[in-house]
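S.K.: Protein chains in written order, with my numbering: chain X, 2 to 736; chain S, 149 to 250; chain Y, 1405 to 1960; chain H, 32 to 197.
Careful: at least some of the hints might be erroneous.
[Said to hold, decoys possible] Each computed BS3-like pair below joins lysine-lysine, with the alpha-carbon atoms no more than 25 angstroms apart:
#1 Y:K1888 <-> X:K182
#2 X:K182 <-> Y:K1892
#3 X:K30 <-> Y:K1888
#4 X:K663 <-> Y:K1587
#5 X:K133 <-> Y:K1821
#6 X:K30 <-> X:K182
#7 X:K133 <-> Y:K1888
[Said to hold, decoys possible] Covered stretches of chain H, going by a simulated chain S footprint (3 or more residues, C-beta under 8 angstroms):
#8 36–45
#9 69–76
#10 79–93
#11 96–108
#12 138–147
#13 166–176
Calculated directly from the structure, the hints in this document are not laboratory data.
No residue lacks a Cβ here, since even glycine has one placed at the ideal position from N, Cα and C.
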Amino acid sequence: MTAENLLCMALIILLLPLLSFTINIFWGKRLGKKPSFAIGTTALGIDFILSCVVFYNKVFGSIETVANTDGFFKIFANDTMVQAKFTWFHVGNGGIQLGLGVDNLAAIMLLVVTLISFLVHIFSSVYMHDDKRFPRFYAYLGIFTFSMLNIVLANNLLNMYIGWELVGICSYLLIGFWYEKDSAANAGKKAFLTNRVGDLGFLIGLLMLYYVFGNWMFDEVFPAMNSQDLLAALASGEKTLPLGMNYGTYLTLAGCFIFCGAIGKSAQFPLHVWLPDAMEGPTPVSALIHAATMVAAGVYLTARIYPMMTATTMNFVAFIGAMTAFMAATIAITQRDFKKVLAYSTVSQLGYMVMALGVGAFTSGFFHLVTHAWFKAALFLASGSVIHAMHMSMHHAGEHHMDPQDINNMGGLRNNMKITYITFLFVTLAISGVPLTSGFLSKDSILAGTLAFADLAGGLGWLVPIAGFGAAGITAFYMFRLTIVAFHGKPKTEIAKNTKENSFRVVMPLVVLATLSLWFFYSFNPINANVGWFYEKVKMPAVTIPAEYQRPYMLPLQQVEAAPAEMQTGHEQHHALTEYEETMHHFHVPAMILSLLIAGLGIAFAFCVYQFRVFNADNMEKQFKKLHTFSFHKWYFDELYDATVIGFILFLTKVFSNFDSKVVDGLVNASAWITSRIGKISGIFDGVVIDGAVNLVANTTGALGGITRKLQTGKIQTVIIFAIIGLITLIYVFA
Amino acid sequence: MAIGLNEFLVVSAILFALGIFAIVTRKNAIMVLMGLELILNSANLNFVAFACFGGMNIEGHIAALFVMILAAAEAAVALAIVLNIYQNYKHVNVDEVDSLKD
Amino acid sequence: MPQTFGFPILTWITFLPILGMIILALIPAGKDELSRDASKKYFRWLTVGISFVQLVLALVIFGNFDYNLAGINDPNGFQFVEKFTWIKANLPMVGSINIEYYLGIDGISAPMVLLTTIVCFVASFTSFSVKKSVKGYMAMYLLLNTAMMGCFVALDFFLFYVFWELMLIPMYFLIGIWGGPRKEYAAIKFFIYTFVGSVFMLLVMVGLYFTYQIPDPSNPGMMMHTFNLVAMLDPANIVPGSIFASIGSDIRLIAFAALFIGFAIKVPIVPFHTWLPDAHVEAPTAISVILAGVLLKMGTYGMLRIAFPIFPEALGYFQCWISTLGMISIIYGALCALGQHKVGKRDLKKMIAYSSVSHMGYVMIGIASMRPEGITGGIFQMFNHGTITAMLFMIVGVIYDRAHTRGLDDFGGLANKMPIYTGLMTIAFFAAIGLPGMSGFISETMVFLGSFQTYPLNTMLSGLGIILGAAYMLWALQKVFFGKLPEKWQGPWDPTGKLYKGDDVNAIELTALVPLAVVIIVLGICPSLVLDLMTNSVNHFVEFMKPFVMIGGINC
Amino acid sequence: MGLESIVFYLFAVIVVASALVVVLSKKIMYAAFSLLFTLFGIAGMYAMLMADFIAVAQIMIYVGGILVLIVFGVMLTTKITGVDVKTGPTGKLNYIAGGLLAVMVAGSLAWLYTSNSWISAPVNETNTSINAVGNLLLTEYLLAFEVGSVLLLIALIGAALIARRK
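Isolated chain X (complex conformation) (with noise of 0.2 angstroms):
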């Protein structure tokens, strides 16, 4: 396939779900449901197909590198990226350049985003079915789905900014698409505001970046980052960087303040705090957007800056990782509400990955990105399956006033809804990380890359696996109490009882993904990922920042040795071995075994509890009370936020307003008003004083006056008798 091709492909892909979004959001209450579902779901189904051969072709094929540098679009085509690029506007003697690539990483998100947005599209056709704005709902999907795209085709920053944003917005739109609710518009507007904080960050590093490079294109800047002219100028002081940093510090702080954007957006802590109140929103947006797509964009963004991280960018993200993976995680535990739950696990499973990047597994990170992102949307398909049952059944009995989603009205579901919580255990598996399962291969890996990292970094580095192995455990542990509270046991209500099946439309997506979840689709090797495809095809790029901002493990071990030739043949560029490569295959099997224990450990403490009740729950609960208020209040961080940041800006909209409303505009108004006094004094003194002489005057005058007063008569020829006598004056007195 040529290059040129291939990026048609990727147009068209980007472009189709904007169709839909312009058909449906303009004429789609004209179309009715069925059309607009039809068009939105057509559209994706054809972006799937051609995501599928985009991804073969790139993947497994080879792309003829024609490269067209001469018309709007110059392309460019090289082992790693097929590119497009072209200038959109033009500022001072450059431009701002947009573009579109698709490279292996993109190929394998293009088919996550695609697949799963054609499933939930399919699903929420009987999810919203009774809802009264359902062509609006499609046209929100379609704008999410060509914004995410957005993000996985883009060749540079600004285009990923572009996303970025666009994607929060879709994100507040359909968090709100309920704005009837209070807490739904509520939940909207605090997703899109905690993440305006992360893009702040994002669009501070895209300004760094800007300042030396001029240019946000991966393939510009990122090479330009270890050019010897750019060295050299920083050295002998003929370009300075603001504030007079050094250029390390300069790319630290450029690659954190970029992180900040995922931060936001794959609700890192300090900002995961929008994640769970998104599960306001429609469930299939939540599998869509919050669970798989949207928030792993913050991982893939993290992973496409993953050229220019400096050592300490790469620790700070680690341990930003780590923090979220282990307190997400503690959290689950105790919430009830079904979707809370899986929030929570969503945000630690990102965690996870970020995790995975920051010290340096970055295929095991970008892996299970993927994984992830097939089962979490099964479990939040899921999980609508059983809300959309549930719902029913209530609305059948008539009751209104019951939570749905609180899995303390559930219980023995198993029976009524069995493909359902076939599918769902399945993928409960598969997070928890038991062999056969996807989730297992990449959870694994991702561990011993955290080993791995803790032998070579040593000291605090040891915390991170400790984070990441307990988070492994309390993941496998919170799962399993899910699932055996909602399916297993006796019904707790009437409700439970009652529910049924879903249809075809809602099961389907649900089998598709969980069969997705199952190993042998990356390895034929059920215990190690690393023989399969996707370690082959997916392999860290080439850390293009000087070597002294590097982890010195993370260099090429035999940068010395290989020969220039050999390092321009094909792959093998970047296969050049490092020491964190070598420890981490080390690790692989002390981690599996360590991995494999605690996640039955987490399995079977949670059959105990909930299954066998070998402990009593609610014991247990008033033993550990405090850690468990702790944990049920979410560790406090909306208090604290509300209580700090928002309630300091609060205090501040305050004090300025008032500030604005009294000082300002009361100098401006006490300036008048002392006008307006000194005006009225002088008028007195006007009054008292010069009108008296001028009366004075004027008395007299006035007796003068009615002698003249005659002479007024009113006629015009009087006046022009007078004027005359006036010129004739003049012309005696001048002439």
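Knowing the structure of chain X, use the given hints to seat chains S, Y and H on it.
M.R.: Here is chains S, Y and H on its own, set in the frame of chain X:
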């Protein structure tokens, strides 16, 4: 004595004075108007005289022409006003039209 | 040779509204109910027609604009030039007065001309909601139109000043007669504030007049003083020993500061901004639209055209402060807008007025950076703020006309009652918070790009403005559209069905709103339509200012 | 005294005499008709001053236009039955005062005119001024010319409006 600028100017001065005389002595509005025409003509005469002798050149002619235009406009409006006054007061004696007096 | 056009297009585009005003004055207002209604209709459509012809003329200018010419300090770089001697008199005491009728545009003014015509055109539809004394209103509206356009095309300081002052008169009456409950207060406040600024400007203008001289074209070999703004940019024209002659002297700094304050009041920059919320709240909708859409831009335009290039070294001296003031405006305006959350009467219009302060702050940090990105972004932000805020004010006008209240607490759940309206408002709000795909995104990003290179700390702090901006915009959106519809708006807006037939926006309002929405989105996708107009001029401007000011960035 | 002087004095006498009749005549019709002579006389003077176009314009506009208007005015405002076709009584005192004033004006103006030494340029004898006038009117004074024509139009409309019977 050849005819020079001064002769024309004297004629113009006399015309001007006569115009003034008409304006200040006559009561009939139309007579006042005629006096006004005399004054304008005297001014025109000056313009043309200066054009010929004073180096005002052709611009003097243009000025005279514009004065004529104004005179025409003024005559039309003034006569209309006269007619209007006539309709209101049933006479055209200007010294009885004294609404300007306050 | 100055670039002229076969037809005095700038004169036409400027004075066409005056012609309209004369025609309007000739149409009788009507005696009985029926003829009054008929003539009101004539007045309105006449105004629309005049504004439309202006728009067409602006498009002709747009179509014939030569992108290669720069302008700024090069008299031959201006386009559509018209230049005549207007007043040339020898006065005792003062000496000779030479004022030229000098019109022309370059890349800095061309977007403003386009903006003025667009905003005036749509605002003429919004003016339909004025019921009181339509004839007088429309006459004032047209006069205002001329004055604004004149400001953007004048290249003679005196002429500029005349238009600048001329604009005050109709504005005063438009707010003072057709305004809200506190209209007199607002009108006088507006007038005095702006007038104080004008006085500063007048003093500097006179000083500048005596500082510059150019050869007198009618008297070869003689020199004459001049108000020509282009000539003032050439140091060769300075009269040695005159008041502003020595570059870098204190008096020049003071003059710059005075001129700057004069313009800053118009922008408005904190702390000269308090006329704005009052004027906006009290002004009728269409006038708010014009005020925010065009008038505020005259301040920043004046800086770019007059204050900065004439006193470049003074700009270099104050540059950091100007950027800081811009930053303060952004945050201060945003906080005050958000303050409508807690303090005051929670007036939607007031919130948008404060958001204007914040958004004009972006323009300030952009142009204070003196980077091509920053200045281009600043000018583009002027354009975008014009269209976006115009749309926001119209949107407030729509509900105010129906509900006769603008209190944020009085609404809720309008999304179901007025879906089209909600859609339009969503576009405007998202554009205001800088969503990609809308024009505001590009200008904000470019402002930041430029500003970061020169003043990174200010820029980072200004970034808080985009968070706060999103906060107040979304908060207002939620208050008005989401949640439940209050009891009192359950029924139709107008039970008699005479004024408003349906619940949603009517055709006239759509005609006003949709073009703006289209402009916002089209420029968001294809910004080069407007950016290309100014690229050359801005580059030239930066080149011109380079020796005097701080230009950040290491690859400039 | 050449022919030129004779012609000039002839015109001067005509102008002054008829103007006197205009201002002194009791009957308004007489006044109107003697104004005709004044205007003709002035036209003659224009011709002497080499302003042929102005002379013709004088005759056409004044005689053909303004004078006819005045005559119409006279006829419309006085009853045709003719009791009051007079200029109305004027007091002797008025005459004396007005006369004094007129003499003073004439005297002082004449003194002013003659006592100043005017810049004099050589008389350029051209056959006709029409070309020059026409050129100037349509180039340099085009705007004024157009404004003049608009003014006439407005005056016409305004006059019709004012004179219209209520």
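S.K.: Look at each hint and say if it fits the structure.
M.R.: Results for each hint:
| no. | hint | result |
| --- | --- | --- |
| 1 | Y:K1888 <-> X:K182 | holds (8 angstroms) |
| 2 | X:K182 <-> Y:K1892 | holds (19 angstroms) |
| 3 | X:K30 <-> Y:K1888 | holds (22 angstroms) |
| 4 | X:K663 <-> Y:K1587 | holds (20 angstroms) |
| 5 | X:K133 <-> Y:K1821 | holds (14 angstroms) |
| 6 | X:K30 <-> X:K182 | holds (22 angstroms) |
| 7 | X:K133 <-> Y:K1888 | holds (16 angstroms) |
| 8 | 36–45 | holds (count 3) |
| 9 | 69–76 | holds (count 4) |
| 10 | 79–93 | holds (count 10) |
| 11 | 96–108 | holds (count 9) |
| 12 | 138–147 | holds (count 4) |
| 13 | 166–176 | holds (count 4) |
Checked against the numbered hints above, the structure violates none of them.
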